[in-house]
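Q: One-letter residues, chain by chain:
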Amino acid sequence: MLLGRVQIPQSVRRGEAFEVRVLVQHPMETGFRRDMNGRAIPLNVLDHVSCKYGGREVFSAKLGSGIAANPYVAFYVTADTSGPLIVEWSDDKGEKGSFTATVSVAG
Amino acid sequence: MQASAAAIAGGALGANAQGLGLAAPQDLTPYIREITGGRKPEERDVEIDIPQIAENGNSIPAKFRVKSPMTAEDHVTAIHILCERNPRVQAATFHLGPQSGRAEISTRIRLAGTQNVTVVAVLSGNRYLIGATPVLVTAAACLDETAG
Numbered sequence: 041m042l043l044g045r046v047q048i049p050q051s052v053r054r055g056e057a058f059e060v061r062v063l064v065q066h067p068m069e070t071g072f073r074r075d076m077n078g079r080a081i082p083l084n085v086l087d088h089v090s091c092k093y094g095g096r097e098v099f100s101a102k103l104g105s106g107i108a109a110n111p112y113v114a115f116y117v118t119a120d121t122s123g124p125l126i127v128e129w130s131d132d133k134g135e136k137g138s139f140t141a142t143v144s145v146a147g
Numbered sequence: 015m016q017a018s019a020a021a022i023a024g025g026a027l028g029a030n031a032q033g034l035g036l037a038a039p040q041d042l043t044p045y046i047r048e049i050t051g052g053r054k055p056e057e058r059d060v061e062i063d064i065p066q067i068a069e070n071g072n073s074i075p076a077k078f079r080v081k082s083p084m085t086a087e088d089h090v091t092a093i094h095i096l097c098e099r100n101p102r103v104q105a106a107t108f109h110l111g112p113q114s115g116r117a118e119i120s121t122r123i124r125l126a127g128t129q130n131v132t133v134v135a136v137l138s139g140n141r142y143l144i145g146a147t148p149v150l151v152t153a154a155a156c157l158d159e160t161a162g
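Chains as they are written, first to last, in the working numbering: chain A, 41 to 147; chain B, 15 to 162.
Quick caveat, the hints were computed from the structure, so don't treat them as lab data.
These numbers were taken from a predicted model, which means no experiment stands behind them.
Among the hints, erroneous ones may be present.
[What the hints assert, rightly or not] Mimicking SDA-like on lysine to any residue, the simulated pairs with C-alpha atoms at most 25 Å apart in a straight line are: (1) K81/B / P101/B; (2) K77/B / K133/A; (3) K77/B / L43/A; (4) K133/A / E97/A; (5) K133/A / S73/B; (6) K81/B / I48/A; (7) K77/B / A57/A; (8) K102/A / L137/B; (9) K77/B / S100/A; (10) K102/A / I49/B; (11) K102/A / G51/B; (12) K133/A / L137/B; (13) K77/B / S90/A; (14) K102/A / D59/B; (15) K133/A / G52/B; (16) K92/A / G52/B; (17) K77/B / E97/A; (18) K92/A / I64/B; (19) K92/A / G51/B; (20) K77/B / M41/A; (21) K77/B / E59/A; (22) K77/B / S138/A; (23) K81/B / E59/A.
[To be verified] Facing chain A, according to a computed beta carbon distance under 8 Å, are these residues of chain B, among others: (24) S73; (25) S82; (26) A106; (27) T107; (28) H109.
Ideal Cβ placement from N, Cα and C applies to all residues, glycine included.
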């Protein structure tokens, strides 16, 4: 289970693009570092982030070791209907995590 | 004993320096061709908001913006981030659509030394945009050999 947080505005207007901010706890190990004994630390990166809203995928990202540890990704989604906004992420070892935020559309 | 230990350590460091690919920046042409399928991207409408000087390369806040109306007919479908001197050039790919409303992504990237950060945007209708900006990195990421 990979922990993370998703932040969206408390309330949004219909048709307005709002920012979704995602922060996941992950070392984003590059595979180029060595430990105290000189052994290579294997590659381990959070490589997939996706966002579902209103029953369809509205955003996805493929990340690599060029993204800083504890990856932060912010993107925009257009407000359509009130309901859940589900952000899911997974790393190259198959570890997964998700967060569900609730979009409340005013007007 | 001491001498051999030093030699092993030296060897390990040497191998690492090679593996890190800190030498010359890589030619981005094959990476761009893979994205565009051979078409030439236009140099316009891509904004990269990133510090000109970064104290270290471990975590650099960056904002990538593409000027686009983001309608069903005309929108950005993907934004690719390429870092020419990183050991892995392809840092990230973001997939958007008309429902994004705004073609803007913020994230924090790693840079292995002073280099150009290049953004290739894929628009609907097989059109491509490109933009690049130089970043001066005073201490590169991934030079710290020991973890923790």
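Q: Which hint numbers doesn't this structure obey?
A: 1, 2, 12, 15, 16, 18, 19, 20, 25
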